[in-house]
Structure formats: C-alpha cells, structure tokens
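Participant: Given these sequences and hints, build the entire structure.
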Amino acid sequence: MKNDTPKVFKSIFALFVVAIFMIGLFYAFVSMPKGWGVNVNNRVSRLYILKNVRTATRLLDSGKFFAKGMKPLRAEVPYKPIKFKKTANLEDGAANVVTSIVVDYRGFDTLGEVTVLFLAASGVMMLLFGKRVKPKRKKTEPSLIMYVGTRIAFAVIFLFGIYIFVHGHLTPGGGFPGGAVIASGILGLFLGRNGYTPNHAGLKVFESLSGIAFVIIGLIGLFSVKSFLANFLPTGIIGNLYSAGFISLIYIAIGMKVGSELAAVVDSMIGDTKEEWS
Amino acid sequence: MQVFLQNWIYLIASVSLIGVGLYIVLTKENIFRIIVGLNIIESGTNLFMIAIAWHPKAVMPIYTATDHLAVNGKVIAADPLPQSLVLTAIVIGLGTTALALAIGVKIFEKYGTLDVRKIKEAEK
Amino acid sequence: MIIYVATIVVIVIIITSLIAVFSKKLLSSIISMGLVSLGVSGLFFFLQAPDVAITEAAIGAGLSTAIFVIALKKVKKGETKDEE
Numbered sequence: 015m016k017n018d019t020p021k022v023f024k025s026i027f028a029l030f031v032v033a034i035f036m037i038g039l040f041y042a043f044v045s046m047p048k049g050w051g052v053n054v055n056n057r058v059s060r061l062y063i064l065k066n067v068r069t070a071t072r073l074l075d076s077g078k079f080f081a082k083g084m085k086p087l088r089a090e091v092p093y094k095p096i097k098f099k100k101t102a103n104l105e106d107g108a109a110n111v112v113t114s115i116v117v118d119y120r121g122f123d124t125l126g127e128v129t130v131l132f133l134a135a136s137g138v139m140m141l142l143f144g145k146r147v148k149p150k151r152k153k154t155e156p157s158l159i160m161y162v163g164t165r166i167a168f169a170v171i172f173l174f175g176i177y178i179f180v181h182g183h184l185t186p187g188g189g190f191p192g193g194a195v196i197a198s199g200i201l202g203l204f205l206g207r208n209g210y211t212p213n214h215a216g217l218k219v220f221e222s223l224s225g226i227a228f229v230i231i232g233l234i235g236l237f238s239v240k241s242f243l244a245n246f247l248p249t250g251i252i253g254n255l256y257s258a259g260f261i262s263l264i265y266i267a268i269g270m271k272v273g274s275e276l277a278a279v280v281d282s283m284i285g286d287t288k289e290e291w292s
Numbered sequence: 018m019q020v021f022l023q024n025w026i027y028l029i030a031s032v033s034l035i036g037v038g039l040y041i042v043l044t045k046e047n048i049f050r051i052i053v054g055l056n057i058i059e060s061g062t063n064l065f066m067i068a069i070a071w072h073p074k075a076v077m078p079i080y081t082a083t084d085h086l087a088v089n090g091k092v093i094a095a096d097p098l099p100q101s102l103v104l105t106a107i108v109i110g111l112g113t114t115a116l117a118l119a120i121g122v123k124i125f126e127k128y129g130t131l132d133v134r135k136i137k138e139a140e141k
Numbered sequence: 316m317i318i319y320v321a322t323i324v325v326i327v328i329i330i331t332s333l334i335a336v337f338s339k340k341l342l343s344s345i346i347s348m349g350l351v352s353l354g355v356s357g358l359f360f361f362l363q364a365p366d367v368a369i370t371e372a373a374i375g376a377g378l379s380t381a382i383f384v385i386a387l388k389k390v391k392k393g394e395t396k397d398e399e
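Residue numbers (my numbering), protein chains in the order written: chain A, 15 to 292; chain B, 18 to 141; chain C, 316 to 399.
The set of hints was computed from the structure by calculation and includes no laboratory data.
We treat Cβ as the ideally placed atom computed from N, Cα and C, and that holds for glycine.
Treat the hints with care, as some may be off.
[Claimed, not checked] Going by beta-carbon spacing under 7 Å, a handful of chain A positions derived as facing chain C:
(1) V112
(2) P186
(3) G187
(4) F190
(5) P191
(6) A194
(7) V195
(8) S198
(9) L201
(10) M283
(11) I284
[As the list claims (entries may be wrong)] Computed list of lysine-lysine pairs in DSS-like fashion (alpha-carbon distance at most 25 Å, straight line):
(12) C:K391 <-> A:K145
(13) B:K45 <-> C:K389
(14) B:K127 <-> B:K137
(15) B:K74 <-> A:K94
(16) A:K48 <-> B:K91
(17) B:K127 <-> B:K45
(18) B:K135 <-> C:K389
(19) C:K339 <-> B:K137
(20) B:K123 <-> C:K339
(21) A:K99 <-> B:K91
(22) B:K141 <-> B:K123
(23) C:K388 <-> B:K135
(24) C:K340 <-> B:K137
(25) C:K339 <-> A:K24
(26) A:K100 <-> B:K91
(27) B:K45 <-> C:K340
(28) A:K21 <-> B:K137
(29) C:K339 <-> A:K21
(30) B:K135 <-> A:K21
(31) A:K48 <-> B:K74
(32) C:K389 <-> B:K123
(33) C:K389 <-> A:K145
(34) A:K21 <-> B:K141
(35) C:K391 <-> B:K137
(36) B:K127 <-> C:K340
(37) B:K141 <-> B:K127
(38) B:K135 <-> B:K45
(39) A:K24 <-> B:K141
(40) A:K24 <-> C:K340
Facilitator: Here is the structure:
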C-alpha cells in the first residue's frame with residue numbers, strides 16, 4: 015500500500031461516478047410511465063389476468079390479430095368475466111395470477127431458475143467441502159429453554175411453510191417463500207444446540223427426488239398434451255383447493271427443493287471444516 | 018403533493034439505493050463490504066421493477082382479494098409479470114450471495130486477510 | 316393516505332443505507348443491510364405485490380443476514396485487524 019491513491023481522491027471520484035449514473039437514470043425515468051400513466055391494458059399482462067392467452071394465439075395464427083389497422087391489438091381479444099368460486103374450466107384455474115405466470119405460462123423459465131439455484135448451492139458445498147472438525151468447547155451453551163423452544167417452534171414453522179406452498183395457487187405465497195420459511199426453521203434448530211447436524215442423506219434424497227419430479231411432470235405434459243410443462247389435469251372451479259391442475263403439484267416439488275437446498279447451504283456454511291486436499 | 022409523491026417517491030427510493038450500493042462497491046476495500054453493497058443494489062433493482070408495475074388505483078392481482086380485477090373488460094390490477102420475475106430473482110440472489118461469501122471465506126483461509134489491496138500485494 | 320406512510324419508510328431506508336456506508340464496524344453494516352431489506356419488503360406490500368413481500372421478508376431480512384453473520388464469524392480474526 016505504498017503508492018496507493020489517497021482516500022479523499024477515491025471517494026470524490028466515486029461520488030462523481032455515482033452522480034453521473036444517477037443523473038442518467040433520472041433522465042431515463044422522465045420518459046418512463048409512472049403513477050397514473052401506467053396502463054396495464056396496453057401490456058401483455060392483460061391476457062394473463064383475463065386468462066385468455068390461447069384465444070389470442072389462435073387469432074394470431076389465423077392472421078386476424080393484425081388485420082384491423084394495427085390498433086391496440088390486445089384489447090380486441092374477446093373478454094369473458096371471471097367470478098370467484100363460480101367460473102369453471104378456465105384456461106388456467108389459479109386464483110393467484112402471479113402463480114399462474116410463474117408455474118404455468120412461464121414454467122420453462124422457472125425450471126431454469128431452479129437449475130441456477132441448484133448450481134449455486136452445489137458450488138457452496140464444493141467450496142466448503144472437507145473433513146468436519148469437531149467444534150471446540152464453546153464458552154456459552156444455549157440454555158435448556160432455547161433448546162426446547164426451538165424444537166417446538168420448528169414444528170409450527172414447518173407446518174406454516176407447508177401451508178404456504180400447498181396453497182400457492184389461492185393465497186399469496188408459493189414454493190419459493192415456503193421453502194425459505196422451512197429453511198429458516200432449520201436455521202433455528204442450528205442455533206438451539208451446539209453441534210447440531212441434520213440428516214445429510216435425507217436432504218440429498220429430498221432434493222434430488224423433487225428435482226426429478228419437476229422434470230417428470232413436464233415430460234407427462236409433453237407426451238399427453240404435446241408441449242413441455244403443459245397442464246394435463248382439469249382446472250376445476252377457480253378458488254377451490256383442488257383446482258388449477260398441476261400447479262400445486264409443481265409448487266410442492268419446488269418448495270421441497272428450495273427448502274432442502276437452502277438448509278444444505280446453511281449447514282455447509284455453519285460447520286467448521288478442514289481441507290484435506292489443497 | 019400527493020400526486021407528486023405517487024409519481025416519484027418509489028423511483029427516488031430505488032435510485033438512491035442503487036447509488037448508495039454503487040458508492041460502497043467503488044470505495045470500500047473489504048470483500049464482505051463489497052458484497053453488502055451488491056445486496057443493496059439488488060434491493061434497489063427489485064424495488065424499481067415492482068414500482069413500474071404499479072399505478073395508484075391498482076389492486077392485488079389475486080382473485081381471492083376481489084372479484085373485480087377487470088371491470089367491463091378493463092383491467093385495474095397491478096401488472097403481475099414483473100412481480101413473477103422479481104419473485105424468482107430474490108431467491109437466486111440468496112444463492113449467489115452465499116456463493117460469493119463462500120469464495121470470500123476461502124480467500125481468507127489462503128491469504129489471511131480480506132483487504133483487496135493486501136491480496137493484490139501478496140499475489141506479486 | 317398510505318403514500319405518506321410509504322414516504323416515511325423510504326426516508327428511513329435511505330438513512331439506514333447511509334449507516335451501512337459510514338459505519339466502522341462490519342457487523343453494524345450487515346445489520347443495516349437487513350433493515351434495508353425489511354423496509355423494502357414493506358414497500359412491496361404497499362405496491363400491491365404480497366407474494367414478493369413475503370419472499371423478501373423471509374429471504375432478504377432473515378436468511379441472508381444470518382448467512383452473512385455466520386460467514387463473518389468464520390473470518391472474525393482478520394476482520395478486526397483490517398478495518399482502518
């Protein structure tokens with residue numbers, strides 16, 4: 015650090031860069047839709063909310079979509095009103111539109127995201143791999159109240175996580191937050207006792223089984239409806255628990271996968287390891 | 018006043034978070050501090066993407082909350098597409114943060130420091 | 316009316332992120348990052364995105380901060396020496 019630039023110059027230069035960046039962003043924002051200017055009816059999302067994508071695709075294939083002089087095209091798609099607990103046999107029966115986009119309309123995208131998460135988790139495990147060193151005698155043991163309390167709280171948190179991802183198509187939530195909630199419950203178990211180790215074989219089996227289940231559900235769609243990750247079950251009445259076809263199945267798989275992956279990440283971060291290879 | 022706040026306050030918040038995170042990344046030397054800055058940038062980006070999906074009379078895009086997401090064919094809900102993108106991006110952000118922290122721990126085991134300047138000197 | 320509550324939350328998270336910049340100790344910087352995540356999750360709820368709010372509150376404010384503190388415990392020896 016002999017010929018290092020002084021700290022004042024560094025912070026002044028950083029402030030300069032940040033100022034240029036922020037001025038540029040504000041110039042970009044002036045032309046952007048904001049507040050009252052946002053109109054969802056001009057966006058693709060209108061089709062997702064009205065659950066009418068297949069009609070629009072059919073119009074597009076037959077050439078009628080572009081016929082009438084390029085007006086706001088998506089407004090021309092016929093609209094049929096949706097009533098909660100009444101309308102049946104929709105194109106996608108989930109009451110939560112975000113869920114129907116994540117799992118159904120953009121399911122292949124979600125498969126890619128789950129793959130990225132798996133790669134990140136296995137990278138963490140590979141970097142921190144090694145022989146598990148037995149932790150030294152800590153000065154502070156957690157008390158008995160902490161030990162029992164975290165175990166009772168883990169049952170409640172686990173149940174809540176399962177509730178979140180089973181009801182993903184009806185209420186806010188889904189597989190990703192449900193898995194995160196379960197992983198934070200397991201983190202509580204780590205805090206409750208020194209030297210706690212989860213069942214590693216169980217975590218691995220859960221993770222691989224749920225990942226395989228996601229792909230197999232997609233393949234069933236490929237062979238029965240002729241499109242990967244297509245909905246092959248009846249969609250039922252909107253708002254019922256047994257509705258929306260395969261969405262709850264896939265969300266159960268995603269929830270188990272995310273929960274076991276994040277728990278494995280926390281486990282490999284929290285344990286002291288010693289390298290055997292170098 | 019209210020209209021001004023509705024138009025601008027969320028954009029101001031997201032731009033400020035991105036700027037603060039960029040300042041941390043540019044000036045600090047500790048590796049963990051740089052990762053903290055990257056996390057703040059991520060929060061600001063997510064806030065920006067949700068803010069451009071919203072308008073002042075929007076309702077949640079869930080049919081359980083209300084029957085009237087669409088009145089006479091006009092949709093009044095918030096835009097669900099950026100929300101679904103951000104939902105997965107947050108989880109991916111946790112995975113990449115954990116990977117960066119693991120690399121930081123390995124760097125500390127090899128060089129015995131977290132300062133990027135000292136690591137650069139030790140490389141020579 | 317809810318826009319005024321959102322304005323107060325925005326001011327709080329900007330001040331908290333400035334604490335993350337100027338604090339000397341790394342631990343307080345990490346804690347203020349978790350508080351920024353919590354405030355942003357509240358803003359997500361005001362922006363009519365409850366799914367994203369639940370995810371951010373569980374991950375950004377809970378697990379992310381915990382993983383940071385655990386990794387900080389592993390490098391505790393070098394951190395105290397390197398700060399200034």
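Participant: Would the stated hint for M283 (chain A) survive a check requiring a Cβ distance to chain C of less than 7 Å?
Facilitator: With a minimum Cβ separation of about 5 Å from chain C (threshold 7 Å), the hint on M283 (chain A) holds.
Participant: Have a go at the V195 (chain A) hint: is there a Cβ in chain C nearer than 7 Å to its own Cβ?
Facilitator: 5 Å, holds
Participant: Does K94 (chain A) lie within 25 Å of K74 (chain B) when you go C-alpha to C-alpha?
Facilitator: 22 Å, holds
Participant: Does the CB of A194 (chain A) sit less than 7 Å away from some CB of chain C?
Facilitator: Cβ of A194 (chain A) sits 4 Å from chain C, so the hint holds.
Participant: Are K21 (chain A) and K141 (chain B) close enough, with their CA atoms no more than 25 Å apart?
Facilitator: 23 Å, holds
Participant: Is the hinted pair K135 (chain B) and K389 (chain C) satisfied, with a Cα-Cα distance of at most 25 Å?
Facilitator: 19 Å, holds
Participant: What's the verdict on K127 (chain B) and K137 (chain B), does the C-alpha distance respect the 25 Å limit or exceed it?
Facilitator: Satisfied, since the Cα-Cα distance of roughly 13 Å is no more than 25 Å.
Participant: Within 25 Å, alpha carbon to alpha carbon, are K45 (chain B) and K340 (chain C)?
Facilitator: Distance of about 13 Å is within 25 Å: holds.
Participant: Does L201 (chain A) hold up as a contact with chain C if the rule is Cβ-Cβ below 7 Å?
Facilitator: Since the shortest Cβ distance to chain C is 6 Å, the answer is holds.
Participant: Holds or violated: are the alpha carbons of K127 (chain B) and K45 (chain B) at most 25 Å from each other?
Facilitator: Answer holds: K127 (chain B) to K45 (chain B) is near 21 Å, not above 25 Å.
Participant: Please work out if K339 (chain C) and K24 (chain A) have their alpha carbons no farther apart than 25 Å.
Facilitator: 18 Å, holds
Participant: Please verify whether K141 (chain B) and K127 (chain B) have alpha carbons no more than 25 Å apart.
Facilitator: 15 Å, holds
In summary, this structure violates none of the numbered hints.
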